[in-house]
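Following the hints, put chain B in place on chain A, whose structure we already have.
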Amino acid sequence: MYNKAILFLLLVASLRLSAQNDLLESLQEETIESTEYAIATFKGTQVINLQSPEMPSEGVLQYIFAHRFGAFNDDFFYNNMGLNTAEVSLRLDYGIKDWLNAGLGLSTATPRTYFGFVKYRMLRQSKGAKNSPISLVGYSSIFYNNERYSDTLPHNNSERVSFVNQLVIARKFNSNFSLELVPTWVHFNVVNLQSEDNDLFSIGAAARYKITNQVAITAEYIYQLNPLETNLQSSWPEFQYQTNENVFSLGVDIETGGHVFQIFLSNSSGVADPYTIAQSTGSWADGAIHLGFNISRVFTIYRPKQPNGVY
Amino acid sequence: MLAITSMAVGQGTLGTRTGSVHFYSHSPIEDIEASNNQVSSKINTDNGEFAFLVPIKAFEFEKALMQEHFNENYLESDQFPNATFTGTITNIGALDLKQVGEYSLTFKGTMTIHGVSLDFEQIVEAQVGKKTLFLVTEFYVNPEDYEIKIPAGKKDNIAESIKVSVKLQYPLNP
Numbered sequence: 001m002y003n004k005a006i007l008f009l010l011l012v013a014s015l016r017l018s019a020q021n022d023l024l025e026s027l028q029e030e031t032i033e034s035t036e037y038a039i040a041t042f043k044g045t046q047v048i049n050l051q052s053p054e055m056p057s058e059g060v061l062q063y064i065f066a067h068r069f070g071a072f073n074d075d076f077f078y079n080n081m082g083l084n085t086a087e088v089s090l091r092l093d094y095g096i097k098d099w100l101n102a103g104l105g106l107s108t109a110t111p112r113t114y115f116g117f118v119k120y121r122m123l124r125q126s127k128g129a130k131n132s133p134i135s136l137v138g139y140s141s142i143f144y145n146n147e148r149y150s151d152t153l154p155h156n157n158s159e160r161v162s163f164v165n166q167l168v169i170a171r172k173f174n175s176n177f178s179l180e181l182v183p184t185w186v187h188f189n190v191v192n193l194q195s196e197d198n199d200l201f202s203i204g205a206a207a208r209y210k211i212t213n214q215v216a217i218t219a220e221y222i223y224q225l226n227p228l229e230t231n232l233q234s235s236w237p238e239f240q241y242q243t244n245e246n247v248f249s250l251g252v253d254i255e256t257g258g259h260v261f262q263i264f265l266s267n268s269s270g271v272a273d274p275y276t277i278a279q280s281t282g283s284w285a286d287g288a289i290h291l292g293f294n295i296s297r298v299f300t301i302y303r304p305k306q307p308n309g310v311y
Numbered sequence: 001m002l003a004i005t006s007m008a009v010g011q012g013t014l015g016t017r018t019g020s021v022h023f024y025s026h027s028p029i030e031d032i033e034a035s036n037n038q039v040s041s042k043i044n045t046d047n048g049e050f051a052f053l054v055p056i057k058a059f060e061f062e063k064a065l066m067q068e069h070f071n072e073n074y075l076e077s078d079q080f081p082n083a084t085f086t087g088t089i090t091n092i093g094a095l096d097l098k099q100v101g102e103y104s105l106t107f108k109g110t111m112t113i114h115g116v117s118l119d120f121e122q123i124v125e126a127q128v129g130k131k132t133l134f135l136v137t138e139f140y141v142n143p144e145d146y147e148i149k150i151p152a153g154k155k156d157n158i159a160e161s162i163k164v165s166v167k168l169q170y171p172l173n174p
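Residue numbers (my numbering), protein chains in the order written: chain A, 1 to 311; chain B, 1 to 174.
Just chain A, with the same shape it has in the complex (with noise of 0.2 Å):
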């Protein structure tokens, strides 16, 4: 009697419950199907060395100092733990639209360089009404070698030009997962030598994985198709043969707000983009690894979507 008594109430309970849930799945399913956009496929702009597909929104002016010390094997303890040999870049972005992001920026030796960029979204990872698999993002830059020659030749200004462009196509796997894949091509006007190709072309590649919602780790990898057999940043005839090595980088991404802390090792010593991916002496083998960071700091400078609320 009392076992019938509680499954009657069992019963009841559910018919009450699925009459609810009813209401509620009538409004599931009545749910106008909306496009879906991927957010936050990597936390900052960019992932260490290479582009992400991530844009400061219309509106909001981003600033990023980046940072590299010396590397562990040059004479570390002489160069105060690598901060004689450090090297700093600073930019500053802006969002003109939500698609279109363009910057300025200036980076120490190796070398002196002011540079300017534009950043565009062509594709949005999303899903619903509108689906797409990958967010698809351009980025060309420009750059400006202001070394002074040591040599007494006449230099022409387009000597001491380059150009980086990259796409990137992203892919937010799931909230914690996200890989790029970034085909990039560098073109410097002029290279010490006949066999040396002025356009160089690489492949980048670089994944985060979430650990906690503030905190990731990331990896980078830049693997070159044609380097350069030379140092670009001594000017001809005082140039050196060298190895420009594939860069691999290693990295954690720490958000607190507005903010973007990237600190990670990577074997570039470059924080100016063409010479980050063409001339990169050091090896992972040989211990020629660098700590680096980028910092972001994010200001929203005016407000295109207001929350339209009427209270």
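Hints listed in this document are in silico derivations from the structure and should not be mistaken for laboratory results. Every value quoted in this text rests on a predicted model; they were computed, and no experiment measured them. Worth double-checking, as some hints may not be accurate.
As the list claims (entries may be wrong) - When the alpha-carbon atoms are kept at most 27 Å apart in a straight line, the in silico BS3-like pairs for lysine-lysine are as follows: (1) B:K130 - B:K167; (2) A:K97 - B:K63; (3) B:K63 - A:K130; (4) B:K57 - A:K97.
Below, chain B alone, put in the same frame as chain A:
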């Protein structure tokens, strides 16, 4: 007979897809607010059963980065895309949709946010007009109750108790 019954139930169901919910978090460091105008809801006026569905990704913030962090770090909307509130209006008998005026209704049921379901009861002001039923209410939600983790460094930026304002307008059946 069954058909007649279900028709009758159909007649007594009010619905909307453009309800709005707004939240406001006040702290000494910053105020954070967001709006969502894609709340859908159904009320069975015969037996008082109701359901509310709030798509989390539809909350719009002043700052894009806030919206990103809200979805990615706090509400984890990939995993928990909707907040819901289902239950019964316990005094549905007091509501007369043919009589223009104000009524006080008690909504009792289960609120689910961030995958955590808690019992919830709220008295809601209902205004019956000639063509619409208006529901307006305000209540407070504590993120901690719904296991929304706020890192120690952000505790000063986000209120312990967040004010939620709800406004829904249901067209009345002719």
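Which hints, by number, does the structure contradict? Of the numbered hints given earlier, the structure breaks none, since each of them holds.
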